[in-house]
Amino acid sequence: MAKSPSAQQELDRMMNIYEKMADSLEERGLDVASIAAVRPHYSIKESGTCPLQLTELPEPLPPTASRLAVLPLSHCPIHVAAIAEIVQSIRSLLPPGTDVFCNPPELLHITLFHMSHPHDPRPCPLDGQASERAAGQPAAQRRAPTEAEIHSELALMPHILGGRAISNVKVDRIQMASSGVLLMLSADHDGTITNIRSRFHACAPGCPVKQTNIVHSSLLRILTPEQLSKGAIFAINQVCQQWTNKLRGTQLSLPEAWYIVEDEYANIRGKTYSFSVPADGTAGRVIQVQPSA
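Per full-length UniProt numbering, the very first residue in the sequence shown carries number 1; after that it's consecutive.
Don't take every hint at face value.
[As the list claims (entries may be wrong)] DEER-style ranges, computed between Cβ atoms:
(1) 234 x 97: 18 to 24 Å
(2) 248 x 205: 20 to 26 Å
(3) 234 x 211: 30 to 36 Å
(4) 251 x 60: 38 to 44 Å
(5) 33 x 230: 39 to 45 Å
[Claimed, not checked] 27 Å max Cα-Cα, derived DSS-like pairs, lysine-lysine:
(6) 271 x 20
(7) 170 x 210
(8) 20 x 246
(9) 271 x 230
(10) 230 x 20
(11) 246 x 170
(12) 210 x 230
(13) 170 x 20
To be clear, the hints were calculated from the coordinates, so they are not data collected in a lab.
Glycine is no exception: its CB is placed at the ideal position from the N, C-alpha and C atoms.
Take the sequences, apply the hints, and build the full model.
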C-alpha cells in the first residue's frame, strides 16, 4: 500500500532524527549534564536501582500528576526476548560500577502521548485555558487533577484509538542516545501513530508542551554522569548495529493501548486501563483495569 505524502514526509523526518542520534553519540559522547539532572529522580542502592515515587521526588508531585497513553510490547514476545539479550550485552560494555535502570520486560512500551508529565504536570489538559493558567505555577505547586478530570481523559481513549489498526509499525534500529538511554527506534510506515497523536493534541489543547515526536521504546538508562571512552562507544555502537541488522523490518504487534496514572517517575507502574485497538477500525474499548500496586 502506497504511503500518503504526509505519512512519507513524517517517516523521513523520523529517520533523519534517528540518524542525528547516532551521529551525536559518535561525535560528542554522552550528555553528562543531562544524565546528572535525571539521576536524583532514582533510588540508587547496592540492592538495585528504581525510579522514585512521584511523591518522593526532590520536588514532590501529587500521585496522579503523571498520566499517559502507551502501546505495550506485551504482544511482541520475540522482541521482548531480544531486548533482554540486548540489554545484557550493552551492560557488559559499560565501565564497572556504572549505575543503570533497565525497564522491566512487562513494562516495555511505545509512548503515544502525555496528558500530564512529571516535568510539566497538567491537571486539566482538556481545558486549554485552565491548563495554561496552571502551567504558570512551578510544577510542584500545581494542583492534582480531580477524579472527574481523569475520567474525562479516559472517556476520550476509545474515540482517539478508533479508526485504523496500528498494523504497520516496524523496528528500524537499536541506538544508544547521548542522553544515556538505550532505545529501540521504530518506523510508523503508514502514519497511524502520527494520526493518533494528532487526535490527542486536538482533544487535549492544554497538554504538556513537550511530547515525544518519534516512535521509541526505552530499554536501559545510564545514571552515572561520567563520559564513556571512545572504545566503549565504538563497542556499544557495534552491538547496536548487530541487533539492528537482526531486527530491522520486523513488525510489532500492537493490538492494545494503555492509559496509565503513573506512581513512579518515568516508569509506567500505576493504575492501568487497557483498551483494545481493533483491527477492523471500530472504536477501542476498555478490556481491563489493573489497579495501582
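Consistency of the hints with the structure:
1. 234 x 97: 18 to 24 Å: The hint (18 to 24 Å, Cβ to Cβ) holds, given that residue 234 and residue 97 are roughly 21 Å apart.
2. 248 x 205: 20 to 26 Å: violated (37 Å)
3. 234 x 211: 30 to 36 Å: holds (33 Å)
4. 251 x 60: 38 to 44 Å: holds (41 Å)
5. 33 x 230: 39 to 45 Å: Since residue 33 and residue 230 have Cβ atoms about 19 Å apart, the given range 39 to 45 Å is violated.
6. 271 x 20: Roughly 36 Å between the alpha carbons, so the hint for residue 271 and residue 20 is violated.
7. 170 x 210: holds (24 Å)
8. 20 x 246: Answer holds: residue 20 to residue 246 is near 21 Å, not above 27 Å.
9. 271 x 230: Violated, at roughly 42 Å.
10. 230 x 20: holds (18 Å)
11. 246 x 170: holds (12 Å)
12. 210 x 230: violated (31 Å)
13. 170 x 20: The hint holds at about 19 Å.
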